[in-house]
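Residue numbers (my numbering), protein chains in the order written: chain A, 298 to 1209; chain B, 232 to 501.
It should be emphasised that the hints constitute simulated quantities derived from the structure, not laboratory data. One or more of the hints may lead you astray.
[As the list claims (entries may be wrong)] One-sided and incomplete, this derived list gives chain B residues near chain A with beta-carbon spacing under 8 Å:
| hint | residue |
| --- | --- |
| 1 | THR244 |
| 2 | GLY285 |
| 3 | THR286 |
| 4 | ASN367 |
| 5 | PRO379 |
| 6 | ASP457 |
| 7 | GLU478 |
We treat Cβ as the ideally placed atom computed from N, Cα and C, and that holds for glycine.
Letter by letter, the chains look like this.
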Amino acid sequence: MSNKFKPDVQNVVSFSLMGPESGGLMNVDSNDGKITRIRPYFYDQEYVQKNCNPWTMEARGSTFTPPNRVLTTHFGLGYKSRVYSKNRVRYPLKRVDWDPKGERNPQNRGKSKYVRISWDEAAQICADELVRMKETYGPEAVLCESDMHGEGKNVAPSHGCPNRLLSLMGGYTLQMRNMDSWEGWYWGAKHVWGCEPVGEMAPQANLVPDMAKHCDSLLYWGCDPEVTPLGFGMHLPSRLCFWFSELGIKSIFICPDLNYAAAVHADKWIPVLPNTDAALQLAIAYLWLKEETYDKEYIAQHTYGFDKFVDYVMGGEDGVPKTPEWASEKCGVPVYTIKALARHWAKRTVSILHGNGGSFIRGPYSSEPARLEIMLLGMRGLGKPGVHQTKMIEWNMWAKDFPVPFTPVKPVAMPHICDALRPIKGDLPDEINMKRFVLTPEQQEKVPELVELFKQLPAPTQFIPRCLVHKAIVDGHAEWYGMHMFSTSQVPDKNNFRQPTNKFQFEKIVYPRPGQSRVHMIWTDAPCNVTCWNHGNLFVEAYQHPSIETIVAQHPWMENDCYFADIILPVATKHEMNDLGNDFSSGVFQSIYLERPCCEPIGESLSDFDVCVKVAEKLGPEYVRAYTGGGLTEEDRVRFFYKATGCEDTMSWEEFQKRKVFVIPCKPDAQEVPAGLYNFYKDPKGNPLTTPTGLLEYSSTDIEKYMPDDPERPPVPHWVEKSETHDERLSSERAKKYPLLCMSNHGRWRVHAQCDDIVWNREVETMKIRGKDGYQYEPVWLNPKEAEKRGIKHGDIVKVFNERGIVLCGAYVTERLNTQTCYVDHGARLDPIIPGWLDRGGCINSITPTGMTSKNCTGMATSGFLVDVQKVTDEEMEGWKRDYPEAFARKVDYASGVCLEGWLIDADKEGI
Amino acid sequence: MGKVFYVDVARCTGCYNCQLACKDEHCGNDWTPYAKPQPEIGQFWCKLEEHVCGTMPKVKIHYISKPCNHCRNAPCMAAAKDGAVYRRDDGLVIIDPEKAVGQKQIVDACPYGAIYWNEELQLPQKCTGCAHLLDNGEKLPRCVEACPTDALRFGEEEELKDLIQGATVMSPELGLHPRVYYRNIPGKFIAGTVYDPETQEIIEGARCHLSNGAKNWDVYTDDFGDFWFRDLDVGTYTLRITAPGYEQQMFENLNTAQDINVGDIAMKKA
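Whole structure, please, built from the sequences with the hints as guidance.
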């Protein structure tokens, strides 16, 4: 008899939700074909000590030793709840009143329910629609909404499989991801210091050991290392923060909220109003200039345009000196604290830390605080020991040498089957290498079996930036600057050099392109625009637009944009399939690992890859052959991908199948590489930046040349009170009606739209608040003073609203938030009561600004916007229940929230 | 001797991994004879408590992880009939899920609120220390294994003696001799910022003198004008702030039942 206390099968599966990288690994135990438990993965100490050069860091007499395991997060631990979620799409679905041969009822998307159909019928409908689109309008009438993030999978990725299929139709329109995690860095900071690919400091080598040795203070500016890294990396940042404190380094947090890291690591919290950091930064520059406490010699040698910057800061340009008094009114930080911060910083060695930017870098005009940050660092001698911008996430992404010394002795090229964000042919010159997801010449030679699979299929023929998709659909037309590429995909040369791409930011693009059709069909494998992107309610309008004849979604869970789809195809989670995983960023070691199914696929779900095979089969055998690269199975792909990594030279396939994990040895001399921009600091002429002058540009020469009169992003960064694009300040007329600045960050308990349904997380009060009606509402944080003004008590059902709509939330009254502010994490699942206007799920992005970062910066502004919060009266709620009985009758699970059953036509009516 | 838990509150980031790993192990999994399945939601065999202290911007948070205390003098054992709660040789206290059916008094006996009533099974339920795993070769209960910062430890009393020496337990006055030891649970704080309203400058080095009548403390404001008195007992305090050239400021009857942010203190020129 088997021992039920021991697992029948033990697998390793990743827990990162970043995609394309799989991320940190965990042990998953199964019994009787069902997942029993999910646990941290412990490295084989004997093996790694002998083979993998484990690293340590030394500073000030203290040694930091990395943990013996992968430090998993609650996302990984709770994933069983996600695999078996009541919200899983279990079989193909069709919207009940959508008839591809008759009435399509686009206006009912988001309202009407679904019926189960067979895989055969679903695949045939999809294939027929693709053919019809191609014949009627041209293949580009199909918009592919694909992206990154999602479960990290390689042989059958979460994102990009539909792109492969649509390529075979002869092209498509691509939804190009705007630089959502890096908006301000990309549109602003890049014009100060180059720093391809996204405008965050590069190179990042050895920043953490260098800070540990040299810093007196760290500014965690809008940074939450206890939140942002969790969905992608793991908890190593927590341990690093503790180490910095043990070393006597002062931790200063500048953010509107006492965020989760500030809660436990802060020595000092300076609450700033959302999206007013630029005012605070300008006042700091003002004081340093006035008191002559900046590094003049460095400025003389390393910068261009400093005089123009000084002219603006001191008030020469506009007659307004950017004094602490001037700033205090805007940013809400007392004058004496601004002065103290400026002087504290001037006397000490200080680095700035980020998660990636979070709300700090996603507000209106985010190019400005981003640029100002680099300029402040420049005034302190950027690049000298202890003077850096450092991030606690994505340590591996664009650095050859990492900020934490787990750099591999030899980088492993991990094959990944799909490329969701390919540029349009002809948009970029050949020297910008965007072929990130192809086989290297060595791999082609080593694994000829994969050559056909990785053959580049035709590229999309036009694109729309994701932040403009809704407007483009509704208006039938859109114009913007840049976004020709998702810049992180640029492959560096062997010296880790990436071509500068700033000038593309000034090229105008028009949709539809000449001779090409507008969009009439959408295929999405990233159905989260309503809750992750700008002005989600406008996405609802776009999805209901009569020009959109067909929407297909493929996804494991019934959520968000799925409610607007006409056909929904069920996808298996990674715990249900074979894969070759890669953990490149969790920070102790890099590793490659073999993922085996922990349970059977739920219902009739298939991998993303096989979902598209189903449709390809209906299109014809030539499509199947081209799509699958000659018929390679999932097993084949895992086997050959391992071969392509080159790890087989060290660990045979047979041994790898037994051990399941190959830990990549660390570079033993990793810490000898100079930290960050040290070489530029020492010799700016010999080691120029990739800006046009090679220097730190306090006035951007590119902006001077191409857009000198842009008031929203002028050559020298400015404080922009309001403009034609945004009117989202407390000084606005609008603030009389909407007097709170809403901030929105990455969620502690979600990775963007992912993991809103982990029942055990939903019991944590900062994740959900159960209202008196039993429904679990998304918390909106309010300072007790603001709550009191409105008669709101902790736990009340409240509405967060502006002209763009109403979002119902649960009041979380807390001293952790500034006054004049409210805070809702982004990514809660939509639960539409009036689609496009009233949401019960707490999907705050439904009411974020339509306007982009600024008029010429094609990004999104999803934090720091005006709203009000008011209590929902019983009468008001009863009114909605009376007027929208069907929406309230949809089944909502007491523990996991919105669920599949609520959207099935034949389900019982069990609303909360 | 026997097993003990050790919790270092200063190393806890509030990630809730302990609470969640416990649920992953016990919700929906039947570990009879150690425990029946924990309901999907509503029970917290290992509960993380969040404590938000102070007012903006002098706010601190700490989290306290609370598994069952596995008391050496366990009131649940005394309350149980038919030996429905028993102590193992390793010290872990287990509710027998067969014998304990219907014995709601076991829930009420626990002064720590660590035992839950399962309405459906009519069963008192609680933390088992993951005894079913320990008996099958594992070294740690799930909550401890999942802790990313080593704030939680578990092991033989002898092995952890240096850590638990001088550590505290929950409600020691009850005399139940818990097997869960805590360090670094913060006491109360009194904090504030001192500044000159005329010059709009903070005052660095201002002397902040605190007294509760029996004891006195002195700290000096830092370069943000901030002062912090930490780890205070609950009581009534008097605070006097002095700085050369300024009139002294007194704050009396500061009661630390709650942590206190005295606020931004405007000093008058003498």
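Each hint, compared with the structure:
Checking THR244(B) against chain A by beta carbon gives a least distance of about 5 Å; that is within 8 Å, so the hint holds. A cut of 8 Å between beta carbons decides the hint on GLY285(B): the least distance to chain A is about 7 Å, and the hint holds. For THR286(B), the interface hint holds, the least distance from its beta-carbon to any beta-carbon of chain A being 5 Å, beneath 8 Å. Given hint, ASN367(B) at the interface with chain A, holds; its Cβ is 4 Å from that chain's nearest Cβ, closer than 8 Å.
This hint holds: PRO379(B) has a C-beta 3 Å from the nearest C-beta of chain A, less than the 8 Å allowed. Interface restraint check: ASP457(B) against chain A, minimum CB-CB distance 7 Å, threshold 8 Å, status holds. A least Cβ separation of about 18 Å between GLU478(B) and chain A goes past the 8 Å threshold, and the interface hint is therefore violated.
Violated hint for the displayed structure: number 7, the only one.
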